[in-house]
Every structure is written in structure tokens, then in C-alpha cells.
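Visitor: Residue strings, one per chain:
There are 2 protein chains.
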Amino acid sequence: MAKRPAGSYRSWLLEANDPAADFPLTHLPYSAFRVTKGQHLCVAIGIHLLDLFACAEAGLLPSSLKVACQSPTLNALMGKGPKAWLLLRETLTQLLAIGSPHQSKLEEALHSIAGATLVRPIEIPDYTDFYASIHHATRVGQLFRPDQPLLPNYKHIPIGYHGRASSIVTSGTPILRPVGQTLPDAGDEMPNAFPTKCLDYELELAFYIGQTNPLGTSVPIDKAADRIFGCSLLNDWSARDVQSWEYQPLGPFLSKSFATSISAWVTPMAALEPFFISSHPKPNTDPKLLKYLELSSKERKIPDLKFEVFLTTRLMRENKLSRFRLSQSSLRALYWTPAQLVAHHTINGCNLQVGDLLATGTISGPLESSAGCLLELTRNGSRPITLPTGEVRSFLSDGDEITLRGFCEKRGHPRIGLGECRATILPARP
Amino acid sequence: MAKRPAGSYRSWLLEANDPAADFPLTHLPYSAFRVTKGQHLCVAIGIHLLDLFACAEAGLLPSSLKVACQSPTLNALMGKGPKAWLLLRETLTQLLAIGSPHQSKLEEALHSIAGATLVRPIEIPDYTDFYASIHHATRVGQLFRPDQPLLPNYKHIPIGYHGRASSIVTSGTPILRPVGQTLPDAGDEMPNAFPTKCLDYELELAFYIGQTNPLGTSVPIDKAADRIFGCSLLNDWSARDVQSWEYQPLGPFLSKSFATSISAWVTPMAALEPFFISSHPKPNTDPKLLKYLELSSKERKIPDLKFEVFLTTRLMRENKLSRFRLSQSSLRALYWTPAQLVAHHTINGCNLQVGDLLATGTISGPLESSAGCLLELTRNGSRPITLPTGEVRSFLSDGDEITLRGFCEKRGHPRIGLGECRATILPARP
Chain A
1 MAKRPAGSYR
11 SWLLEANDPA
21 ADFPLTHLPY
31 SAFRVTKGQH
41 LCVAIGIHLL
51 DLFACAEAGL
61 LPSSLKVACQ
71 SPTLNALMGK
81 GPKAWLLLRE
91 TLTQLLAIGS
101 PHQSKLEEAL
111 HSIAGATLVR
121 PIEIPDYTDF
131 YASIHHATRV
141 GQLFRPDQPL
151 LPNYKHIPIG
161 YHGRASSIVT
171 SGTPILRPVG
181 QTLPDAGDEM
191 PNAFPTKCLD
201 YELELAFYIG
211 QTNPLGTSVP
221 IDKAADRIFG
231 CSLLNDWSAR
241 DVQSWEYQPL
251 GPFLSKSFAT
261 SISAWVTPMA
271 ALEPFFISSH
281 PKPNTDPKLL
291 KYLELSSKER
301 KIPDLKFEVF
311 LTTRLMRENK
321 LSRFRLSQSS
331 LRALYWTPAQ
341 LVAHHTINGC
351 NLQVGDLLAT
361 GTISGPLESS
371 AGCLLELTRN
381 GSRPITLPTG
391 EVRSFLSDGD
401 EITLRGFCEK
411 RGHPRIGLGE
421 CRATILPARP
Chain B
1001 MAKRPAGSYR
1011 SWLLEANDPA
1021 ADFPLTHLPY
1031 SAFRVTKGQH
1041 LCVAIGIHLL
1051 DLFACAEAGL
1061 LPSSLKVACQ
1071 SPTLNALMGK
1081 GPKAWLLLRE
1091 TLTQLLAIGS
1101 PHQSKLEEAL
1111 HSIAGATLVR
1121 PIEIPDYTDF
1131 YASIHHATRV
1141 GQLFRPDQPL
1151 LPNYKHIPIG
1161 YHGRASSIVT
1171 SGTPILRPVG
1181 QTLPDAGDEM
1191 PNAFPTKCLD
1201 YELELAFYIG
1211 QTNPLGTSVP
1221 IDKAADRIFG
1231 CSLLNDWSAR
1241 DVQSWEYQPL
1251 GPFLSKSFAT
1261 SISAWVTPMA
1271 ALEPFFISSH
1281 PKPNTDPKLL
1291 KYLELSSKER
1301 KIPDLKFEVF
1311 LTTRLMRENK
1321 LSRFRLSQSS
1331 LRALYWTPAQ
1341 LVAHHTINGC
1351 NLQVGDLLAT
1361 GTISGPLESS
1371 AGCLLELTRN
1381 GSRPITLPTG
1391 EVRSFLSDGD
1401 EITLRGFCEK
1411 RGHPRIGLGE
1421 CRATILPARP
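Chain order of the listed sequences is A and B.
Under our numbering, the first residue of the first sequence is numbered 1, with each subsequent residue one higher.
Under our numbering, the first residue of the second sequence is numbered 1001, with each subsequent residue one higher.
If we strip away everything but chain A, and leave its shape as in the complex, we get:
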């Protein structure tokens, strides 16, 4: 987008100009909300959502995008490619900026976010989960393979696996504690099937593919970042006791497939551009990468997203106590950039489709306090956390609520927040 004078960051919707707002005029993330018949696409501005179906109906959007903006999901719009994404973003920016001539027409299409039911705005054909934080891989490795925490392949190849798409749910959907096979104690020979005793969250970022590559083709690394339409927060719920029993030799399966939460808002990559930084330089001890993964200085850029994870126990909720911050982390912690993940995913000719979700894996930083899951924070439960209420947690209890937050901040630019990815644990079904 062309540079604008600072004044043009301002919206006639005054809440959008609050420096603490998640959704200023420069953000404009997409979602969908429930209407009497189905769902409408929308964009967030301040504390409101703007109904894109209604805007298209009123003739306020480019006619070439009318059908896509009146679809129940973003997939049609995403499939139109980066020029269409930019056109819609420019149009919405002008409509919502101070001086817009359409203010009165738009007011009918505005609703309070608090009063709306947000639903998943993207149909996700395939979901891939990576393992892109070397700090996460190392600390998890230390727990299970103290002699060789980081496997020999880690610094050469972005490790990933296929996730379960059907059980992806939107922020706010409660999570049932899953039942699964576990070995009651290490060394036991007979497993049992119980509600998991080691329910964990994983702080991740989800990238949505906006452009397909046909089966048999690869996306070169210098084009890979352009394939990504936007991002959301993602919580990859994990049953650690199930995982450790089932994962040999084919990887995690039912320990993850019971639920994955995503935040309702999809932040366009264009909104993050002012916050792009070079990804951390690799230490000299790191091996040279194969050509298909080698980043030029342009592709090294990643948004400087910071993250927080909060726990609210039932006791905190009932007594109106503040939630507890479990950790803080940053996208800088990743060893692999999103462009590398896309290039690697397609090197074998695998076709990515519009709406496919590529998740980073747990975003853990170098410090213990920047770990993105309880497995690391409590060292697999061996060092439980004591909360300010006196409650103790090795893993999550029924009634616990986990909230992920993500944001970018930079002097001279309005702050951008990804909204939240939040869910409460319900007891296992009897």
C-alpha cells in the first residue's frame, strides 16, 4: 500500500483510534458472523464489525468482488489473488477513513463485535503443523532424549506433519477433555483408556494459503511468502500422556485430533508489513541450508509479533481475580520462516490449496518463561506452577480457560492486535 500521512490512519469510528485497540484502520482483519440464514463475511474496525455482504449489496465494494464478498467464507476472495486482496483492502480503508463520503450508508452495515457471534471465516481443506521453534524442539527433546535433545535433521529440514482439519474450532468453543489410551505409569505393560491427565495447550500462529500450486509443482522460496493471505492465533491442544504412548513410529494422532482452536480474525499479511523485521540471524554454528530453503534478505522478513498466554482458573473467574500470565513469546523465536515452510511443503510437488492452514508449531522462546506450552513450563509436570490463588498446575484442570493474544507494536504506527484465541476446558463426557 502507498505511504500515507499519519492523519489518514484515523477512522471516523472513534474507538478505532484508541492506541490500545486491536483493530485500528490499518489492520482490518476479516472474519464471519452468524446471521439468520448462514453467515456473512465481515471486517473489524475498532469495536465494530462491518458486514461485507451488506456493503456489497449497497454497491460500496468493487463489482468484481461482489460475489466473493457475499460468499459465506473468504476462500473465494482469497482465490482471486493478491491484486484483489489489495483492491478490497484499499476500498475498505477509504470507506472507513475520516472523510469517507459513505459514512451514513455504512452505519447500517456496522454491528458491535461484542453483540455478534463470530464463526470460522475460512474453509480449511488441509491443515499442516510444523515444529519451527528450535527452543521448543530442544526443550521437549531434553525431557525425552536427554542424550540427544535436538535430532540431527532439525537444522536442515522444517519438520512438520499433517494435522486433523475436521476438529478445528473457533475461539470461544469449549474443549472437552479427551479420552485416550495411555500407560498409567512408565514401565507398565498394560495401557488404560481414561480422560487425559496431561491436557496441554500450544501457542502457535496459523498461516492461511491464499494461492494454490497445482499438484506436481513447487513454490520457489522467493515467491513463497506471497502465497500467504493472512494469519490467526492457533492453540494446538495436546494430551501429553496419550501422545507419548501413541506417537511411535508414525507421530502424534489422537493426542492432537480432538480439537484445535483458532482465533476468529484473520489478519491480512499486508496489515503486518509495517512491522516486518529481519528474522534472527542464524548462529555461525548452523549448517548451510539447501538452495530451495535459502533465504535472501527480502525473504528473511517476518512480522515482529509478540504473544502472551493467560490462564484463568474457575476460582479466579468466580472471585473476579485477574487472569495469570503463563508466558510471553515472539515470532522471532522461530528457526524457520513462513516462506521456508511453504517452500519446503511443496518441494515434493504437494499441492497447497486456497484455505490450507500451515501452523508454526509451539512458539517457544529461548527463556524458560517464554515457553509456549505447559510440557516445557512444568517440565512434563515435574515442576508444577503455583498460581497467585495458591492453586497448583502441572497440566490443565477442568474449568481452566486459556487465552492466547498476539500483537505488533512500533513507534509511529498504530498497534495491531490479533484478537484472542480463547477456550475453556470442560470435563470429559461420562
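Do not take every clue at face value.
Okay, derived cross-link-like pairs now, EDC-like style, lysine to aspartate or glutamate, Cα gap no bigger than 20 Å in a straight line [as the list claims (entries may be wrong)]:
1. A/K155 to B/D1185
2. A/K291 to B/D1188
3. B/K1282 to A/E189
4. B/K1155 to A/D188
5. A/K197 to A/D185
6. A/K291 to B/E1189
7. B/K1291 to A/E189
Just so you know, these hints were derived from the structure itself, not from any lab.
Assemble the complex: chain A is given as a structure, and chain B must be docked to it using the hints.
Guide: Chain B only, in chain A's frame:
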């Protein structure tokens, strides 16, 4: 279906009564074929396909099923549940049996299979691949973990992982040799990215889920078999050198996701009922299963499917020589039944959706000659196979064609064949 006198097995389409036919009147598998605008559903009879769209248009099918039969995929019909499946099957059987009053009307909806382009008849939301043959698991384990071929979890828990749905292709689609990261030699520290040198097939059976279970619910084992609509042949192409480098710790990823082939015909489970047998009794040394996996005598039943794998090299094709049978196997070789796979997949509340594909994993029998992949047949390439042409194979060469066949035979019942799952290997893209 109600029992019928032997005469009613006969169709007025005489080729369907050939004892060697794959598609007798008692089979009626579904597929889809290309038409000028899109694709139509169809059913196979002898050497013909019957266009279900046209039959519905002519008023020959139950009006309650008209919309579903005029959809481009089977998903709508599958979603209507077992009563609808049976109603359509009964209707088609009557239309195609000797004595049908609609013969002349039907002739317009009949086309030669040989002249049609078959396309994938099912939209597959999620694809799960299991590891249900203990013979496969043991022999693969012997190659990589001679001290512990079968992992401690194998006899307690059906091992599985999420596969890649986007790269599933129909029989006849050529397979590009994939590029991937491998370690050139064991012990090397630096990987390289090359076309795979260890391209393999895997003989599998695909089961299609016909009824959903909502997220958070499990399918009890005594209801699990009823969730399956039908089955097809599946070839889980594998790049073994890529797999051995990438699979730790999260399982196979790009070594499998470049392509998976399925046969075009979907055999309804109802067609296999005459061939159901008890699954092999477990040896006394096997552990007792957890209750959710425990089979009653009714659920032990599996179709007595036999399989063959054929290799046709370019030399054989050019010289019109017979294809070479690499192996023969049987569904009896599985340690886990389809009902157990469904019950296990949902024990954690994971929602299966209409069209989801659950594959068995490589169907290898107890004999070396009944192994379902070259990894086993050639012991990871260390004992190459010499073909009658004098050619030698450790893994697949460019130009090789692999054909999977599957069938049921039993005295007093027409033989049933699953058709074929066939594909030729093309060289890697430059």
C-alpha cells in the same frame, strides 16, 4: 438385502454374467465420469456404466434420492444414511436384473466403461492412514530396529496418522517422481535435495466414512462398521529415502504427501456381505484389548478380500510382455479390523465426516511373498528383485506401472472385483 434365488443374480447386460467379470449384478460399485459440464455419478455393471444423473432425470430412481443422485459426488447420498444406501442399491438391482421392465429406457443411460473418463466420485475432507498389518509393522521394524521390531504399543493401539487429502488422485493419473531431502549415505551429515531414489508403492484398502459423528462424541465398536459406506483400492506412494530422514519425531510427511492413488470404483460394503468371514483369531500370546476395542463375534467379520500387485516396466510394455506379479496378499493379514479403526479414531471425540478416507496401511501377509511394498520385498533395496525380462528392481524406475487388484471369490456367489488402481511413474521435473 433379502436372499434371492440364484437366477436373480443375472443381469440383462450379458457381460455382467461372465464369471470373470469384476462388476456382476451383485456388485454395483459407484464412481463418477466426466461429462461436457462437470461429472455425473454412475454405477458399474459388466463392461458398462449406468449414468445415475440420467436415471434420476428419467424418473427411474426414488424421488427422495433424485438430488443426491444428480450431485457430482457421492457425499450427498452417503450423508443420507444406510437406509438410503440400501434403497438405491435395491432399485438399481431391480432395474438391471433380468426381467426389468425399464430396459429400453436404461439403454440411453448406459455407456461403455472403456470409453469413459472416470473421475474421483467422493470429496474427501480428511484422510487417515493406519498401520493395521502386524506383518508389515514387524518386517519394517526388523529393517530399522532389529533389536525391537514390533514396538510395545502395537498390539494395544491401532497406530495411525493423518495423511494429505489434497494429493489423492484417481487410478490412471501418472505419478511424478518427487524431489525431497535425503541423506545421500547413512552417516553423512549434510543432506541433499534430489529426486527420490527409493520410490515405493504400498498396497492398501481405503474405507469411506458414510455417517458423521459430531465433535466430542465417540462411535462405539458395535456401531462402528455401520459407519463405513464402501471401499476402494489405495496405493500410498512412498519415498523411502525421504521418509527415513524426515520422520523423526513427528512421522512421515513429504515422503507420502506427493501423491496417493485410489481406484475409481467404490464398492458398497453391502456388496461384500456374502464374503464376510471372521477375522483371524488372535494368538494366545496377544494381550487382552481395552473394552472400546474389544470385538464381539459379529464385529470380527471382515470381507475376505484378496489382493494382487503387478509391475509393468517400460520394456514389458514396449515388447507386449506380460506384467509381473510382485505379490499376493489378503485382508485377513490385518491385526486390526475396520470397526476397530473407526472406534479408535473417535475415542478422543474426533469427528469423522462424510467422505473421510480411512486406509488400512500396507496390507502385508505373513509370507515374504505376501509383502505389500518393495521396502519389505527387497529388504530396503538390499535384495533386489530380478524380473523375467532380466531387469532388476530395488525400488521403482521411471516408466514402471504399478497395478493393484482386489477381489472376493466364493462358491455359489458371483465373483466381485474392485477394479484396479493403476499408475505409471514419470521422471521428476527438471
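Visitor: Where does the structure disagree with the numbered hints, that is, which hint numbers, in rising order?
Guide: none
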